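In the order they appear, the protein sequences are chains A and B. Per this note's numbering: the first sequence ends with 81, consecutive numbering throughout. Per this note's numbering: the second sequence ends with 268, consecutive numbering throughout.
Hints are computed from structural coordinates only; laboratory data are not their basis. The reader is advised that the hints may include incorrect statements.
Facing chain B, a subset of chain A residues (Cβ under 10 angstroms, in silico) [what the hints assert, rightly or not]:
#1 Leu28
#2 Glu56
#3 Gly58
#4 Ile61
#5 Leu62
#6 Gly70
Negatives, chain B to chain A, calculated, CB over 10 angstroms [claimed, not checked]:
#7 Asn94
#8 Glu177
#9 Gly221
#10 Ala246
Treat the numbers as computed from the prediction; the structure is a model and nothing was measured. Quick reminder that beta carbons are idealized off the backbone N, C-alpha and C, glycines included.
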Amino acid sequence: MAEYKITDTIDITDVNCPITFVKTKVALDELDEGEILKVHMNSGEPAQNVPRSLKEEGHEILEFTQNDDGTYDLLVRKAGD
Amino acid sequence: MSFSNEQLERYSRHIILKEVGVKGQKKLLNAKVLIIGAGGLGAPCAMYLAATGVGTIGIADADEVDLSNLQRQIIHATEDVGKPKVQSAKETINKMNPDVTVNTYHEFVSSENIMKIIKDYDFIIDGTDNFPAKFLINDACVMAKKPFCHAGIIRFQGQLMTYVPEKGPCYRCVFKEPPPKDAVPTCKQAGVIGAMGGIIGSLQAMEAIKYITGTGELLTGYLLTFNALKMEFRKIKLPKPNGKCAVCGENPSITELIDYEQAECNGV
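Work out the full structure: start from the sequences and follow the hints.
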């Protein structure tokens, strides 16, 4: 993951759907187009839904990797409005 | 502004919508909508706008809540009978959503006060029940360059259209002038099915939300009619303004607001 410059990181392991995606959107809203957000999330529903919803909104998923503890880290590049 | 955790949860279903999102919800919270008439149309419209999180809602109405209003004016409850409608509406909204500031105008709109009342608002809802008020609201909004959503309901029928300056015809382009007094029955005489206000008033709220968030297509240049008995919606394309309208035309003959004579009707 070192090849990307990460502008902001959020942890959404403490919330449930749909607040997972809501918090991701709020964090992305603070970024400029092209900047990268790292999202730390649980497996299951968040890992299924958050990347898909981000793609539907036109953002670019750069990496989506599972950690040893089962959680996921997502790198997403913000699209323009 | 940033959202509190309560706001993120309250508005989560909006924020996850691509068409609203974080920016749209912020626009809604910063928006100011005036509802003229806290009756059959204004009640559901005000409630949806309040739940939506429109940050400032103005309500203008001179009447008090009457028992005969409650079959359709769902912002008022049995215990509110006798209270000013603006007060009852404000109490309901305060209970629904603490994010909303409610301004009340316990008066009839007239040529004397309407410009001052609409001045600070981004969008106006015509929830009135009579032609003099409808033409007054139209003319004032045209003169003040304010967007508004007209609606009317009677029996099992309803209609609405939206005026946005420079974007399409105004109410007077379409309807010219009020019908002769007593030529058209009022709701008091003709009746109206309660849920009609819910349908058309909610559509007015939808127009306001779309205008504020800049989403989708408004009913500018269209009249939407609904016949509940046939369960038919019709979206009627209106002629483009031809520059000859008495108020929004190139050389308007109406340059001052008119207080038409009011037909008797107690509250749609």
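Do the hints match the structure? See the list:
Taking 10 angstroms as the C-beta cut-off, the interface hint given for Leu28 (chain A) holds, the closest approach to chain B being about 8 angstroms. Against a cut-off of 10 angstroms between C-beta atoms, the interface hint on Glu56 (chain A) holds, since the closest Cβ of chain B lies about 7 angstroms away. A cut of 10 angstroms between beta carbons decides the hint on Gly58 (chain A): the least distance to chain B is about 8 angstroms, and the hint holds. Hint status for Ile61 (chain A): violated, given a least beta-carbon distance of 16 angstroms to chain B, over 10 angstroms.
Evaluation of the Leu62 (chain A) hint against chain B yields a violated restraint, the C-beta minimum of about 20 angstroms exceeding 10 angstroms. Interface restraint check: Gly70 (chain A) against chain B, minimum CB-CB distance 25 angstroms, threshold 10 angstroms, status violated. Every C-beta of chain A lies more than 10 angstroms from that of Asn94 (chain B), the closest at about 25 angstroms, which supports listing it as non-interface. Here Glu177 (chain B) stays apart from chain A, with its beta-carbon at least about 44 angstroms from theirs, past the 10 angstroms limit.
Every CB of chain A lies more than 10 angstroms from the CB of Gly221 (chain B), the least distance being 26 angstroms, so the non-interface label holds. Once the 10 angstroms rule is applied to beta carbons, Ala246 (chain B) is consistent with being away from chain A; the minimum gap is 41 angstroms.
Violated hints, in rising order: 4, 5 and 6; the structure is consistent with all others.
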